[in-house]
Amino acid sequence: MTSFSKKKTKVSKKEANELGSFFYSILAKLLFLIPITILFLLLIFLWSSSSTIISGKIIHLCFQSRKLNDLYCISAGTQPNLDAPSTLSNGSFPSVNGTTTQFIDDLQQKSTRLGIPIPPGYHAFRNGMVKSEEELLVAYNDVEDQLLVHRSWTSTSQNHNATLCDGRGIYVYELPTKFNKDLVSQCADMIPWVDLCNYFSNEAMGEPVQKLGKGWYQTHQYSLELIFHSRVLNHPCRVQDKSEAELFYVPFYAGLDVLRWHFKNVSNDVKDSLGLELAKWLESQPTWFRRSGKDHIFVLGKISWDFRRYSNSNWGSRLLELDEMQNPVKLLIERQPWHLNDIGIPHPTFFHPQSDDDIMTWQLKLIKANRKSLVSFAGAPRPDAPESIRSILINQCISTGECKFLNCSLGACDQPESIIELFMDSEFCLQPPGDSPTRKSVFDSLISGCIPVIFDPFTAYYQYPWHLPEDYKRYSVFIDQEDVRNMKVNVMERLMKITAGKRENMRRIGKGFELSKGQHKSPEFEEVNPMKQVPAIAHGTFVFCENHAILRYLASAFPRVADHWYPSDLQKRAKIESVLDWHHSNLRRGSVGYIFNTIHLHLDCLRIHKQLQKARSSSLHLLPRLIPFGCRKMEAF
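Start counting the sequence shown at 1; every next residue gets the next number (the numbering used here).
Heads up, some of the hints might be wrong.
[Unchecked claim] Here are the computed lysine-lysine pairs in the DSS-like style, where the Cα-Cα straight-line distance is at most 30 Å:
#1 Lys365 / Lys294
#2 Lys368 / Lys502
#3 Lys488 / Lys473
#4 Lys440 / Lys365
#5 Lys404 / Lys440
#6 Lys488 / Lys211
#7 Lys178 / Lys372
#8 Lys280 / Lys404
#9 Lys473 / Lys372
#10 Lys372 / Lys214
#11 Lys368 / Lys211
#12 Lys214 / Lys404
#13 Lys294 / Lys280
No lab work stands behind these hints: they were computed from the structure.
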C-alpha cells in the first residue's frame, strides 16, 4: 500500500506540472492578446473619430471631440488652430476646389482667390505653429468661402415700407440682471487704470465730444454689447410675442464678464461660471429647443479668442467652446476666421449720427479737409512682442518729415479729438496688428477719410464682409507684415509712390447719397454749390457743379473713362459738345416753353398763344436732326 501510494503521488505531480504548463501557456497567450486587442480598439476609435490632413510635406492624423474643441494631432500634439480648414458647419475637412493643377498654380502665386498674398511660413495661427504653404492656401481659401456665405446673408432689399419687418421679428430675452445690468454696475473697477462708468453713460455712447460736432461721443471700444442692446430694444422689428419671432437676441454681456477677470487673480472655474449658468438658463427656455439654438444671436464686445481659452492658459473664458454655443450666431468685433457662426462687426467708433443731415455735415467737412501729412500712426510700440512690426513702423515714420506719430503709451490717444484730427490731417493711416489682428483705429481712419494701410489680412479683409467691400484695393493699401519685419520694404517710400489721383479715388466717401426734400438748400449744401442746385461734385477739396462741367472734368481727370461715353477723339468729342451746347441754348428753353404753353396754361383755362407754341415746338423738331449728326459713326452713348 505504501509503495502504491508513493507511485500515485509521483504520477499526480507530473500531471499537475503538465496541467500547470498548459494553463500558463493559455494565460501567456491571453496576456499577449490583450494589449493587441486594446491597440486594435484604439485604432478603430481613432479611425472613426479622426480626420487626416495631408500636405506635400507632412501628414497629420487628428481627432476631435465636443469637449476638446481643438484638434489633437498625433504628429503635432494639440493644435488649437489646426482646425483651420475643418470647422465648417458639417464638421468635415473641405478639399481644395478645382483641379490639382489649379491648386499648384495658386500656390505658386502665393495668393488666395481674392488675390490676397500669403507670405511663406506666415504665423496666421495663434498657437505659433508654422503651417506649410499648401495648408495655408487651403485655410485661407476656406475663410474666403465662409465670407462669401456671410455676404449672401446680407439683405439687398431697398423696401423701407411697413412690410420691412414681415417675417423678421426679433425677440429680446429678459435675462436675470446678473447677466448684464449687474456687470455694468462694476464699471468703476473693471479695469484697474480706467473708470468705464462715463463710457457706459448715454446709452453706452459716452459723453459728447463738442469739439468734433454733432454726433460725436467718447465711446469705448468695448461698449458694443450695451450699444446693441439699447438699440434693439427700440427696433421696429422687435416683437413681444415669442411665437412671432424669427430670431432671439440673448443680451448677455459676455465681454464685460470676461473683461472683469482679466486683471484679477481668480481661477478658471470662476471665469467660466457665469457662462455655464447662462447655458443652463437657456436650456430652461422652450424656445431654445425650437431650432436647437440656431435662431439665437449673441453680440460679444470682445474678440473671439477671449472666449476660447486654451487648455494651458489662464486668459479668458471657455464660453464659445461650450456645446450650447456651437449653433447660435455670434456677432463679435473680431471673429475666429474658421467658425462660420462667428461674424465680425466693426468696433464702435466715436461717431453716432442721428440723421442723414449729421452724416452729410460730416462728409462735407471731410471734403474740405486739408491733409498736410502723407502718413500718420496712432499707437504704442510692443517691445515685449518680438513678432510685432510696430517699432519698425515707428522708426520709419519718425525718420521722415512725411509722417506723424501719436504715442498712445503716453496717454495722447485718450481724447477722441486727438485721433480724429490726426487722421483728418493725413492721407494714409498705418494699422499694424496689436494684441490681436483687428483694430478699432481702422474704422476711425475710414470715417476720417484716411486710407488705412493694412499689414495683416485678418485685420479687416477676413473680418467684416457685411461692412467692407470685397475688393480691398478699393479702400485700403496692403503691405505684407513679413516684408516689413524682414526689412524688404520701406512703408513710407511705398506710400509716396501712390499718386494723388489714386488716393482721391480710394478716399471717396461713397457712391453718393440721397438728399431729402429741400436739403439742397441747406447751408451745408450751399458750401458745395452756392447756387443750391444739384448735381454737384467734390473731388478732394475741389468742389464744383453743373452737368456739362462735371462731364468734361471727369473725362479729363480720369483718362480711362469709356470712350463710348465721352470720346477721346477731338472730332467725335466736338460733335458731342455741339449737342450739349445746343441743349443749353435751345432744347431746355424750348422744352420749358412748349410744356408751359400746352399743358399749364391749358389746365389754368387760359388762352394758349398759338404763335408762341409753334415757335417753341420748332426747337424740338430740330432735335431728331441734331442727334444723328452728333452720334453718326459713333457707338451708342
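Going through the numbered hints above, which ones does this structure break? Give me the numbers in ascending order.
1, 6, 7, 8
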